[in-house]
Amino acid sequence: MPSAIEAIEALATGFATTFKHLFRRPITEPYPEYKRPLPERSRARIVLTRDPDGQERCVACYLCSAVCPVSCISMQSVEREDGRRYAAWFRINFARCIYCGLCEEACPTAAIQLTPDFEHCERDILKMVAEKDDLLVDHCGKDTAYNFYKYAGVSTDVGDKGTHVKEDKPVNVKSNMP
Amino acid sequence: MTVLLGFLVLFAKLAVVLGVLLFLAAYLVWVERRFLGRLQVRLGPNRVGLFGLLQPLADAIKLITKEDTVPAEADRFIFLLAPAVVAVTALLMFAVVPFGPDITLGGHAIPMVISDINIGLLFVFALSSLGIYGVALGGWASNSKFSLLGGIRGAAQMISYELALGLSLVPIVMLARSFSLVDIVNAQSRIPFIVAQPVSFVIFLLSAMAESKRIPFDLPEAENELGAGFHTEYSGMRFGLFFIGEYVHMQVLGALIAVFFLGGWHGPFLPPAVWLLIKIILVALVMIWVRGTLPRLRYDQLMALGWKVLVPAALVNILVTGVLLV
Amino acid sequence: MPNLIIDDLPIEVEPGTKVIEAAERLGIIIPRFCFHPALGSVGACRVCAVKFLQGPFEGVQMSCMIDALDGMVISTTDAQAVDFRRHVIEWLMLNHPHDCPVCDEGGHCLLQDMTVAGGHCIRRYKGSKRTHHDQYLGPLLQHEMNRCIQCYRCSRYYQGFAGYKDLGVMRSAAQVYFGRQDDGVLQNPFSGNLADICPTGVYTDKPSRFKGRRWDFERTPSICINCSLGCNVTVSARHREVVRQEARFNDKINGHFICDRGRYGFAYVNAADRPRRAMVGGRPADIDDVLLEARSRLARTMAEFGPQSVAAVGPLRGSLETQAALAQLSEAAGWHSPAFYVDPKAAEIAAMATARLEDKFTVSLRGIEGADVILAVGSDPVNEAPMLALAMRQAVRRGGHAAVIDSRSPTLPFEHEYLPVAVFELDVAVGRLVNFLCEDVDTQQLPAHAAAFVDECRKLPDGRFDVYLQAIARRLLAARQPVVVCGSDIVEPATVALCADVVLLLHHMGIDGKLFYTLKSANAFGAARLGSPAANVASVLRSVERGTVKALVVVEKDLHSEFPDHERLKQALAQLDLLVVIHYLDISLASRADYFLPATTIYETGGLYLNQEGRLQTAPAAVAGGRPIQQTGGGAHPPRQYNRGIPGDTPQEAWRLLLQLCGEQPAREPLLHRLEDTFATPGALTGASPVPPEGMRVGHAVNGVAPFHHDWQAALARHEQLSRDGQMLLVTVAQTFGTEPLSCRSPWLEALTPPATVRMALETATQLQLAAGDQVVLDIKPQPLTLPVVIEIGMAANVLALPRVAPHRMARRHFLLTRNRIKKVDAP
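Residue numbers (my numbering), protein chains in the order written: chain A, 17 to 194; chain B, 761 to 1086; chain C, 52 to 879.
Hint data in this document are derived by calculation from the structure and do not stem from the laboratory.
Heads up, a few of these hints could be off.
Across the chosen pairs, the derived CB separations fall in these ranges [what the hints assert, rightly or not]: (1) C:Gly686 <-> A:Tyr50: 43 to 49 Å; (2) C:Ser223 <-> A:Leu54: 55 to 61 Å; (3) A:Leu38 <-> B:Pro1055: 17 to 23 Å; (4) A:Cys137 <-> B:Leu810: 24 to 30 Å; (5) B:Thr825 <-> A:Cys137: 17 to 23 Å; (6) A:Phe134 <-> C:Gln131: 51 to 57 Å; (7) C:Pro744 <-> B:Lys905: 44 to 50 Å.
Note that beta-carbon positions come from the ideal geometry of N, C-alpha and C, so glycine has one too.
Just chain A, with the same shape it has in the complex (with noise of 0.2 Å):
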């Protein structure tokens, strides 16, 4: 008999709380009309950023594309002239894309980033396949200091070998010096 009674009790507080509810503001944000500004770190529409002097961080490592779960990034990497290596080409499906933001964790450069904009909806699927000019943007992102080049220890235009941040002069192995 108890148990009848907690059981309607129990039922008497759900239709309560429920009818609570009514008199309830909805937390509904109608969303075309009121857009909720959005934390900078939430992940949406991916871009390609670039070093603080300008050039594309991104340097086609794969390391994104290896750790994508839909296998939505694909590249071509290629070397420039000046020992630099970047992207002939950078494709990624939007349409295919889960924004679990994996990606952005793998870059070793900070290249790739994901960011709050959402709204990129298209009728027609092969609009959503984002080529290398549609990812590219003109800013550093969320990191605005680091340059890949600096640190890597390659010869680039950023710095041949033994001008890079803590590194030696290169050795002359041709001294008989100690």
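On the provided structure of chain A, position chains B and C as indicated by the hints.
Relative to chain A, chains B and C alone:
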């Protein structure tokens, strides 16, 4: 001449009732979605028309224009027939529901009911039982495991609750001394039966919700287990027929509750038909409230409730009523 | 046999096995950078440390430096050892640059794997990094010295294993540098292996630089078909393009390494000008229509002129299936028997070599490493079959002795004795060698025909090299496992037979001699067995000119580059009623053919291949057919349209096209049966058991070629031809890079191809009044050649060597020239 006039009046009544029923069914969907939304602190559909009032129209257009697919392995004839069975039986039940006292027009008394048959109550039960065929056959004809499971569940559930539904009304018949719904309403001209028969009311309400396959009794179409159950394979307007059937059923049950327990069209100040409408809508709102509050029962709980609680309680209720009446 | 316990698992190994190898056999891979099974241990990297718990050693020791001994109990997971290894990795990473994202090794880098596995992820060291300048090492390898972890694998391989001296170690301590004295192209034709053995990205593959990551490649085991050895490779493909080839271990053939010709000779598969559509009279058409039309034309020709009016020319380096299909169809339809060789002599040599290679003579390429005396006759391993040179070097490194009898003064990466003998004198020299071999042998004890042979050899006149030949004979007689290596490129058929006779004679004397022939190309063995020596391209062309052959089916044969007389070829082809060409490369013949059918390469459909030893290997398909995405996209973004088909996927296997051309079901099974019949190995190909990974020998010797049968009169006549008539012998010789037609399509190897020259000994040049650098006109057919003179110290007298490199890849092997046909061009 009189016969011709009688037919004319009958057709007029049919047209009005059918129109009102379908219109109400459509707007009941809107009401349900808005009301449910508010219960869950949401807004509900508010995009099509003012307050989303044109939403039913949009839904109808969508359903009508959608492709009507029949699975390759389905039993085509029965598959196509099943939704109609559900919708038709639900609509037919309204034939015996009275929505006002007789009115006199040009010297002829016109009953405010499509057909006042003296076994109206049995007619309701008969049609309600036939409605199960739509569900069971639809589920079976789809030739899909989810649909079949849904159909079987539907059949079992409705047979179980039909019993309690019928038994709960025996005391009402005993009090009204008639199977005719008009007589039952007239018997409540002073006090509604809900006061005399609260237990019957509760049993009938629960069974009625189970009959209309609504949460918490929506096991035949349990979305998360069966993926819409008996109508998994249906699309377009055939799915729409199931949908209409369900909401017409909801109104019919609302009307029956009003007729059996809430005094039918009796009420002060307002016209009788309006009173009936108000009562139907009130019942519907309560059902929606229940849906917004309770989760779905487990299958064994459903069966236990039907056979171990409702049927015995109804039997005891009959006994007590009988003893008191004698 | 030592018994030891590693990580609680007991194992018994042969004495001399290192602990690291014993663990590997248990499936426990101990981290290593410097240890390599082919290079041995040096204990330089310190990362293979394990804890010795019991036995002769105690404590943390290097598992690559310690032989497995009885009673050892070892833990690889002991906390102390793990901690030691973690610290070693951290030290190794002190100077390692932060460039994994732009390093091509990333993804298959041993250092990267070990760093991650060892748990080192945060740099604690606050100091700066030591840096080095990189060097230009040629078109094949990219140098990035900052990444080095001083494991010494490269210098050990380069100088020790391969025997070349231009790359090595400089400086000491933290400044150790691996490279050349100055920038320059690596001289080692096996340098590509540096990319394989470097545990990090100091040497990376240049042709595939930045083409992709290992994990994106479809990697397939395959076989190299750029020479007759059949080395094993792993093909990496991406986006319908073969990107890279690496050495694949085969215990019987190439071991861990391959040569650069094999590694980089794949570019032809991706060639943009590869014909990928069927053509009628040079215009593209649907392949089914072309097949149907060609088939009816062929039938009409046969009905009109008889089946003998049809001839087929087949490939040497095609798959066995293709060769078998040609042989079978020719037989069934009554055509001329298929011609695989261009030069009748070459066909005769191949037939002789394959017929005489008895089972008891055979030695695998890897087996040569165990030889104690090697005699190479008419062979230039580095240029003809490069990996043979490395195998011979290993034998020499283990204390073996190598002697080379040749005309060309071959450059070999090991110490060897060299006798400069002109091509036409080789027979007599070998005859003299037989004479010295049997100095103390009583001929009565030999079988009659052997005795007669020895007697004939004893009658040969004395020669210039007798002293040396006598010494070689003594070594052979004292040898435990002598190997006679015989080339097939410049020698006469008689020389090939003589080498087999020498080995047979050794066997008669109780010495287990081995015989190793190199053939003209991959699957030359199959061609020799499936075709007849009488059928060759030269004879087919004669028949065409006579008008007896009206229809010609050319399968995967590049007649223009192999048959030098283009004018004659053109006229002969013009006389034909019907020319059907099946090929996978763009050859000028394709547009001239009445019907052209595109074929696939080994990379696209695989196939069965026989190496020079008669070892059968199978290669699966490595890349789906079709034009590479790099080409369809023009190097930019791949096209965005969705198509069901693959552009350019019309090509089919040549044998499939051939069978369809003759109206037969394109089924592989009957061809395999045919091959089983040819090689008398029932069930070897169609049976349930697959071809084993190291291949299996099916090319057994053929009865019917009599041993010890030699025409010494002819040999002596050839010998005297040079000295008596004062003629010069012009020999066309193979080059590592530039001769083999498939690898010639690789732009990277083109840069390594030597310029066309004519080489001669100083003495010959003096006779001809020539000096190094002079331009000389050689009056030869089909057209005279003008070439610069190069003096090659050590070449045989009266011999001019003409490398078969662009622009002229001669098919003919020898030209006898009187002196007046060799004229110096006066400087303008």
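Return the numbers of the hints above that this structure violates; sort them in rising order. none
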